[in-house]
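Modelling step: build the complete structure from the supplied sequences, incorporating the hints.
2 protein chains.
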Amino acid sequence: MRNIVLIGLPGSGKSSVGRRLAEILGYPFFDTDEIIESRYETSISDLFRTRGEGWFREVESSLVAQLTRKPSGVLATGGGVVVRDANLARLRQWGWLVALVAPPELLAQRLGPAEHLPLVSKDNPAASLARLWTERAPRYLSADLVVDVSALDVDEIVRKILSFLADREQSAIPVRTPAASYTVYVGIGTLGLIGHNAATEGLSGRGAIVTTPALDRRYGDVLRDALRAAGIRPATFVLPAGEAAKSWATVGRLYGLLLQEGLDPSSALFALGGEELGDVAGFVAATYMRGIPLVHIPATLLAQLDSCVGGKVAINHPKAKNLIGAWHHPRFVLVDVSLATTAGTRSLRAGLAEAVKYAVIVDAGLLGFLENQLDALLALDPGTLSDLVLRCLSLKAQIVGQDEHESGPRLLLNYGHTFAHALEAATAYRRFSHGEAVAIGMTLAARLGVSLGLTDRDLVRRQTALLHRIGLPTHFSGVAAQRVLEALLHDKKRKGGRLRFVIPCAPGTGQVVDDVPAELVAKVLNSPPSP
Amino acid sequence: MRNIVLIGLPGSGKSSVGRRLAEILGYPFFDTDEIIESRYETSISDLFRTRGEGWFREVESSLVAQLTRKPSGVLATGGGVVVRDANLARLRQWGWLVALVAPPELLAQRLGPAEHLPLVSKDNPAASLARLWTERAPRYLSADLVVDVSALDVDEIVRKILSFLADREQSAIPVRTPAASYTVYVGIGTLGLIGHNAATEGLSGRGAIVTTPALDRRYGDVLRDALRAAGIRPATFVLPAGEAAKSWATVGRLYGLLLQEGLDPSSALFALGGEELGDVAGFVAATYMRGIPLVHIPATLLAQLDSCVGGKVAINHPKAKNLIGAWHHPRFVLVDVSLATTAGTRSLRAGLAEAVKYAVIVDAGLLGFLENQLDALLALDPGTLSDLVLRCLSLKAQIVGQDEHESGPRLLLNYGHTFAHALEAATAYRRFSHGEAVAIGMTLAARLGVSLGLTDRDLVRRQTALLHRIGLPTHFSGVAAQRVLEALLHDKKRKGGRLRFVIPCAPGTGQVVDDVPAELVAKVLNSPPSP
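Chains as they are written, first to last, in this note's numbering: chain A, 1 to 531; chain B, 1001 to 1531.
Any given hint might turn out to be false.
Some but not every residue of chain A turned toward chain B, in silico, with C-beta under 7 Å [what the hints assert, rightly or not]: (1) 256; (2) 259; (3) 287; (4) 317; (5) 324; (6) 494.
Honestly, the hints are just simulated from the structure, not real lab data. Backbone N, C-alpha and C define an ideal beta-carbon position, used for all residues, glycine too.
Printed below as a string of structure tokens:
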């Protein structure tokens, strides 16, 4: 998200609005006048009197140059900062220019005895302000957003700015299924907009944040501040990270805590975490008092580009993963891509493996995008990650819209996952990360496709090359092929007796193949990968 | 359900079809020829030869008179039983006449060397059978159902008869909500039609019966036979009766058992039991592998006339009843009213209390019906119970169709239940049965309505009179009014801060009243009931 620069005449509320906005967005707050006053240990008026306006403007300009090198912030400027073109150009490049404007007479009343202000006469502040307005109005009015603050308090002004940011900084992907209709808001650094989005979506009152300890430390305060600013009073519940949270025991404890904190059927549950946390928190939202509103704030690439959409929620049974589950669509999803950049390499690779899945099986264009942009993605470039997330989520939204409960086209999204689950089960979920298992699974499925005469060999090569660049393996070792086959056959029994695989054909197309002969599968599992 | 009488020429398959049909329906099977042969320890041919046809027809007629005094059965008759008008009249009154017919030549082939058959010549059985057909055809063809068995095997013939019975013996109530569309089949003694209904609804393969030990002993075999006849292979899981089953522990165990028995997402769960069993089995069906088809076979009057429709499923949390739940509509519902007649007085009263609720709050006509028919209902007359169930379910289906998730008109069905839940909670669910709590709760709500100036005093009197006739109390003792009030206020907090009651107005109309002053509620709780 771009930064925010507040401009306007004295008395328009730049400092109070900026401070509040920074708190909600979790951004550092800077106030040029305040910084200068504290640097010279005296008031701006004194500096004007003793050193003159020319000196002050130089100091101010150099401070602007310095502050606009900071990566992020909300900046409240002195009223005259806009008079220099160079300042205005720098500020405009660094962030959104937001002008707070009001009639000079009103500002004069608000300021009261104006002795500390330079360029404003004590005797007739309204006249001084009117003169400044005449000089500067064209510059103020050239801002990206102009807010008439005459009749607004600080919170109201902040809400207007958040609404502007929500519009400009978020891409909205609509998801429409027979059972639900919701929006995925995608942006970079947009976590602080959660409150605005929640209010827009009609949420209020009590709320619950469910997250992991690490994410709570990193993002909990921003989330809470943003929700509180929107009138939502959140309680926070911390679960262990990863699959460990997806247990009966965790869920039982969580129900009790939600009840104790007074969550009623209208309270929303905000799930801030990766795919596993989304699963377990989503299951609780689906079943607490027969279902309460759920908001996904996915914090890993995999959760952002795939699992946050589609309504699948589940926990594990000691005897089978995801055995206990439901369909519960979120009220909305907020994807802040910058959250995924802090989730670690393993998690990045798992997300990219899932992106390769979308590319190979449903979108040839995405395959080219991945081949061209992989370096930027691996370097965690937010813009490129955001493009990737938008592309994958659009595909997912379209597929889920056609086939809500995975009986038709949505089955394609299991590409690589039949083998992956068998590999994971055969190694007790210890040897392979999910990304590794999916990468190996897609390779096995593609090779099975070749032996069925369905898959283009060149596609297998392109897929393998991409997976290797991501840092993922394309064949397994350390577990007997026979054990993987047994896990496949066990899974088959569970799913109604069919050995079903998703097989890629040409780039971006695939098909579901039922009743693949077990001997053929065994042959692929046992044969060494082609060089 | 009426009984079944099979008529037709020798060789048409009456005995084998009858035996199989009786097994599926759980009815006793009678075969007139077989009974006569065993009584006289010789064959029908011998009796014809030694005693003559006249004597035989007398014996046969007296046997028909005797068998048609049995309460239930499937009866295979000798081919000539229809020649006497008196027999035919008796049989027609006792059950459905089903004729199995086929061309005489085909029957002759099937019979083979026909030495044991009277009236059929050894040398030319086809000619004898053709002659018998000419004589008797008008009588056979006057049956309620005529099945041409020329090209059918026993199972196919049985399926045709079951289909006929399903049409004639069941009333179908459609339920249509945005999320689901299903049928409630209501009949008397129709449990054996479950397999036919399941097949009609597209169910097949593995299945699970979830029930209580007592119901399993009483109805388990019929249910299993009927399902197996329709190609469904059921495993049976027995849960404790009542609220005890609605626990986390039970549900966890059940998931594991379903997995072990190989239930996949297409397998149906048949919930045979009262409202609590429907709740817990329904919750498992809603969450096992993200939901499997659910069939309710309600076995108490309350479950039959109310809870089997609407999609509410839930289990209890140690801190709150029904805290953990979902919405999961059944694939279909089979109501066999005769099951409710064996469920005991307490259960009957709870069901009737719920019927009074429907009458007072949504259907003035039903109020009159209850006042007129209560003696028949208390005497467990199946026809009257069936009328009651049909009336209540039709109301429920209509209301659920308008308001699936209880945000509008469906709230009316909580009449009496706000007070009832508070009474139950204040007494740790030990002092009052649910029916008693609802009866007291409706009385309190009606008295609250009088003090709000909304409720007709005469309606309160009619309601009280009905409840007393049912054997239910209309005021509470043994618990302090203050504790009940506290439970109400606790419940209010849980439900979003409103003290909400459903208040009856005139017969068959009610309204939801929010924010009733606590002082007024306290006054009603503390004041003695009017005489």
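Evaluation of the provided hints:
no. : hint : verdict
1   : 256  : holds (6 Å)
2   : 259  : holds (6 Å)
3   : 287  : holds (5 Å)
4   : 317  : holds (5 Å)
5   : 324  : holds (5 Å)
6   : 494  : holds (6 Å)
In the structure shown, no violation is registered for any of the earlier numbered hints.
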